[in-house]
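Colleague: Mind docking chain B on chain A? Use the hints.
Below are the chains, spelled out letter by letter.
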Amino acid sequence: GQQVQQSPASLVLQEGENAELQCNFSSTATQLQWFYQSPGGSLVSLLSNPSGTKHTGRLTSTTVTKERRSSLHISSSQTTDSGTYLCAIVSNTGNYKYVFGAGTRLKVIA
Amino acid sequence: GPKVLQIPSHQIIDMGQMVTLNCDPVSNHLYFYWYKQILGQQMEFLVNFYNGKVMEKSKLFKDQFSVERPDGSYFTLKIQPTALEDSAVYFCASSFDRTSAETLYFGSGTRLTVL
Chain A
1 GQQVQQSPAS
11 LVLQEGENAE
21 LQCNFSSTAT
31 QLQWFYQSPG
41 GSLVSLLSNP
51 SGTKHTGRLT
61 STTVTKERRS
71 SLHISSSQTT
81 DSGTYLCAIV
91 SNTGNYKYVF
101 GAGTRLKVIA
Chain B
111 GPKVLQIPSH
121 QIIDMGQMVT
131 LNCDPVSNHL
141 YFYWYKQILG
151 QQMEFLVNFY
161 NGKVMEKSKL
171 FKDQFSVERP
181 DGSYFTLKIQ
191 PTALEDSAVY
201 FCASSFDRTS
211 AETLYFGSGT
221 RLTVL
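Line by line, the protein sequences give chains A and B.
Under my numbering, the residue at position 4 of the first sequence is numbered 4, and the numbers go up by one with no gaps.
Count along the second sequence from 1, add 110, and you get the number used in my numbering.
Bound-form chain A, shown alone (with noise of 0.2 Å):
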């Protein structure tokens, strides 16, 4: 089956330092999304980037899609981006449902 692999697994950073997390997939994605959960639980979208660079606030996602790679930078990191970063990608195969990595965990320390 289809396989998203983040990296890495967790990640602590000093505020003000810019973190770049990597989600690489086994299957050609139709779609692929970011997310941010909370350490209480709640997940939040962040970025839609099937392919190509987008930019929103503090972070860049690039997607290269025949590589079958996305990244998501944060720049200027802050201690409320503590949390987990999950990818999560729609194949070119079967029913349209989105597949998770196991996430990043980053710890922003002040």
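Watch out, some of these pointers could steer you wrong.
Said to hold, decoys possible - Example chain B residues on the side facing chain A (calculated, C-beta under 8 Å, incomplete):
(1) Q152
(2) L214
(3) G219
As the list claims (entries may be wrong) - Derived Cβ-Cβ restraints for the label pairs, each shown as a range:
(4) A:Q22 <-> B:G126: 41 to 51 Å
(5) A:G52 <-> B:T223: 36 to 46 Å
(6) B:S176 <-> A:S76: 42 to 52 Å
(7) B:I117 <-> A:S38: 16 to 26 Å
(8) B:D124 <-> A:G52: 45 to 55 Å
(9) A:R58 <-> B:Q152: 20 to 30 Å
(10) B:G126 <-> A:P8: 38 to 48 Å
(11) B:F206 <-> A:T65: 14 to 24 Å
(12) A:S7 <-> B:N138: 34 to 44 Å
I should point out that these hints are in silico values taken from the structure, not numbers from a laboratory.
Ideal Cβ positions, reconstructed from N, Cα and C, are used throughout, including at glycine.
Modeller: Using the frame of chain A, we list chain B on its own:
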């Protein structure tokens, strides 16, 4: 932005009882999903639903599970009877259609504890 509401946020029940998890999707959305996340583990797809029918379900969607959305009301996940391994957070999601440009919106989850 659009919101998916889940009721209740927490539910504690005894093993063997029935439980219904309710989801109020975004008002004009047509596709609905349930996901399961055991504490500290990966988000796992359970089922997706469109036009009154299950489109696809995973092996986690046991025979004790059922979904429905009667007359455009809540999209529900019913578990009958519950088992200890059903303890998890259940997330509902919805989208308007299935194009690559479409965003999936998630609720904040229902934490189910089966004792």
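Colleague: Give a verdict on every hint.
Modeller: Taking the hints in turn, this is what the structure says about them:
1. Q152: holds, 5 Å
2. L214: holds, 6 Å
3. G219: holds, 6 Å
4. A:Q22 <-> B:G126: 41 to 51 Å: holds, 44 Å
5. A:G52 <-> B:T223: 36 to 46 Å: Roughly 43 Å apart at Cβ, these two residues keep to the hinted range, so it holds.
6. B:S176 <-> A:S76: 42 to 52 Å: holds, 47 Å
7. B:I117 <-> A:S38: 16 to 26 Å: holds, 19 Å
8. B:D124 <-> A:G52: 45 to 55 Å: Between D124 of chain B and G52 of chain A, where Cβ atoms are some 51 Å apart, the hint holds.
9. A:R58 <-> B:Q152: 20 to 30 Å: This hint holds: roughly 26 Å between Cβ atoms.
10. B:G126 <-> A:P8: 38 to 48 Å: Given about 42 Å between the Cβ atoms, the range holds.
11. B:F206 <-> A:T65: 14 to 24 Å: At roughly 23 Å between Cβ atoms, T65 of chain A and F206 of chain B fall inside 14 to 24 Å, so the hint holds.
12. A:S7 <-> B:N138: 34 to 44 Å: About 37 Å separates the Cβ atoms of S7 of chain A and N138 of chain B, which means 34 to 44 Å holds.
No hint from the list above goes unmet by this structure.
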